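Chain V is fixed; fit chain W onto it per the hints.
2 protein chains.
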Amino acid sequence: MKRYRVKPGSKVDLKEWDPNDRTEFKESKEEGKQMLLPLNQKIDELQELLYAEHRHKVLIVLQAMDTGGKDGTIRNVFEGVNPQGVHIVSFKKPTLDELDRDYLWRVHRHVPGKGEIVVFNRSHYEDVLVVRVHELVPKEVWNQRYEQINNFERMLAEEGTIILKFYLHIDKDEQAQRLQERLDDPQKRWKFNPGDLEERKLWPEYLNAYEDVLSKTSTEWAPWYIVPANRKWYRNLVVATTLIEALEDLNMKFPDAPEEWSKIRIES
Amino acid sequence: MKRYRVKPGSKVDLKEWDPNDRTEFKESKEEGKQMLLPLNQKIDELQELLYAEHRHKVLIVLQAMDTGGKDGTIRNVFEGVNPQGVHIVSFKKPTLDELDRDYLWRVHRHVPGKGEIVVFNRSHYEDVLVVRVHELVPKEVWNQRYEQINNFERMLAEEGTIILKFYLHIDKDEQAQRLQERLDDPQKRWKFNPGDLEERKLWPEYLNAYEDVLSKTSTEWAPWYIVPANRKWYRNLVVATTLIEALEDLNMKFPDAPEEWSKIRIES
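Heads up: the protein sequence lines correspond to chains V and W, in order. Counting in the numbering used here, the first sequence runs from 36 upward without gaps. Counting in the numbering used here, the second sequence runs from 36 upward without gaps.
Watch out, some of these pointers could steer you wrong.
EDC-like mimics (lysine to aspartate or glutamate), calculated; alpha carbons at most 16 angstroms apart, straight line [said to hold, decoys possible]:
#, chain 1, residue 1, chain 2, residue 2
1, V, Lys149, V, Glu194
2, V, Lys128, V, Glu193
3, V, Lys77, V, Glu283
4, V, Lys174, W, Glu216
5, W, Lys37, W, Glu194
6, W, Lys149, W, Glu194
7, W, Lys207, W, Asp53
8, V, Lys267, V, Glu209
9, W, Lys37, W, Asp56
10, W, Lys174, V, Glu194
11, V, Lys127, V, Glu88
12, W, Lys207, W, Asp101
13, W, Lys267, W, Asp231
14, W, Lys50, W, Glu194
15, V, Lys149, W, Asp132
16, W, Lys174, W, Glu240
17, W, Lys46, W, Glu209
18, V, Lys174, W, Glu194
19, V, Lys50, V, Glu209
20, W, Lys174, V, Glu193
21, V, Lys267, V, Glu114
22, W, Lys149, V, Asp132
23, V, Lys267, V, Asp132
24, W, Lys149, V, Asp135
25, V, Lys207, V, Asp231
26, W, Lys149, V, Asp231
27, W, Lys50, W, Glu280
28, V, Lys149, W, Asp135
29, V, Lys149, W, Glu133
No lab work stands behind these hints: they were computed from the structure. Because the structure is a prediction, the values reported are computed rather than measured.
In isolation and in its complexed conformation, chain V is listed as follows (with noise of 0.2 angstroms):
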């Protein structure tokens, strides 16, 4: 998945980077569905490793525009996966004792001891994204969060953090489409909120925010990928499989066992 990889370094103009594109699996979308059992399955395994062995830790960061698909990717990757090996964390409006202290502070206390998985939906990275969008802060001020953002994430890297941080990437006619959607079924309709309609008229500086977050945040020790994500099997797929190779990498084994256990009978 190296392809949806942001380069450290490098510009993003989220322009050239196509929400339709699948490049990586040119299946059906009823095969594409079929196609993330197996892996839910692959990270179920490599989640037991991960908690076996008991030395690396995993957060995963899940950032999008509104009806981008963060809590589909979060159901759909990790279904089938023992659910006391993920830890979901969702951040919301911080609260009046979050707001009087930095922005860290809310995400640091839930980042994954050894042998965890840790998904942020939403993060610190709301803190340059809405917050300066809705200008809640000066510009001084959040505009030196992304070298403190990158130092954060390179000390838990340093610690023994793997980190992987994705962008699902929609357009915004896809967007209305969601919005639409939501409107239009009566099971759906609970999720809309009027002041989504607001949040979308600042589309433009939204996506300005991003690219900046994209540009100034991808690290090698904390990579952002673009995930195309207006067909949602596709992002799934995406995600599932970076998850994978990332787990793949660490070449987990499960801890040595004395071989004469294997003799032990149990008298019952």
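Just chain W now, with coordinates in the frame of chain V:
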């Protein structure tokens, strides 16, 4: 108290720092003890202002060799200060949960919010002190922590935290005397720990590790102060005065309230 501040980038040789120094307060021990009381009151006033203004966050880090006087400093400097405004956090041997994460995880969750003073009794510096001396992690790991710590503290400072770090400097003879006192006094004997004698044998290794800490992590945004601490009353005056100077530099003001409010008469 500038004389005790470690100039960022300078190389510290603790032999050149006199733990008996008394340049700033030439009074007698009795007079020195009396002088602390008005400083306590001043800190209490400044703390109230800090709380009311709800803008700055204050983090104080205390480090010292065993018997160096961390507990005594806290008791004496913050006596008479509203306990609701000052939080003392003592870091002991890490738990399994803490060891499973990066070493900054457990300290970050306790950093001050706006309007708060937090005192760290021991801190993340143990992860380049005891951890280094006892080789609890490989050199590659602890050696990259100085920069990680500087970056972490810099982020805190950029996000509005005033950081003051005190190394309470005693010499080896003073430690011998204090340990002996613990053994001799039935009311203090409980504080003695046979492990202290083992640690005492590692005095040169600790001194070395402290010199590296003081040389590498005294920064403009989070300076170290080397406090002459053989005399307890002198140590208290230096810490209290340094804190007062730092708080006064903030030029804090009580929040404006509408002039008309002074005319309100509350009916009984």
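Quick check: which numbered hints come out false for this structure? Checked against the structure, the hints that fail are numbers 2, 4, 5, 11, 13, 14, 17, 23, 26, 27, while the rest are satisfied.
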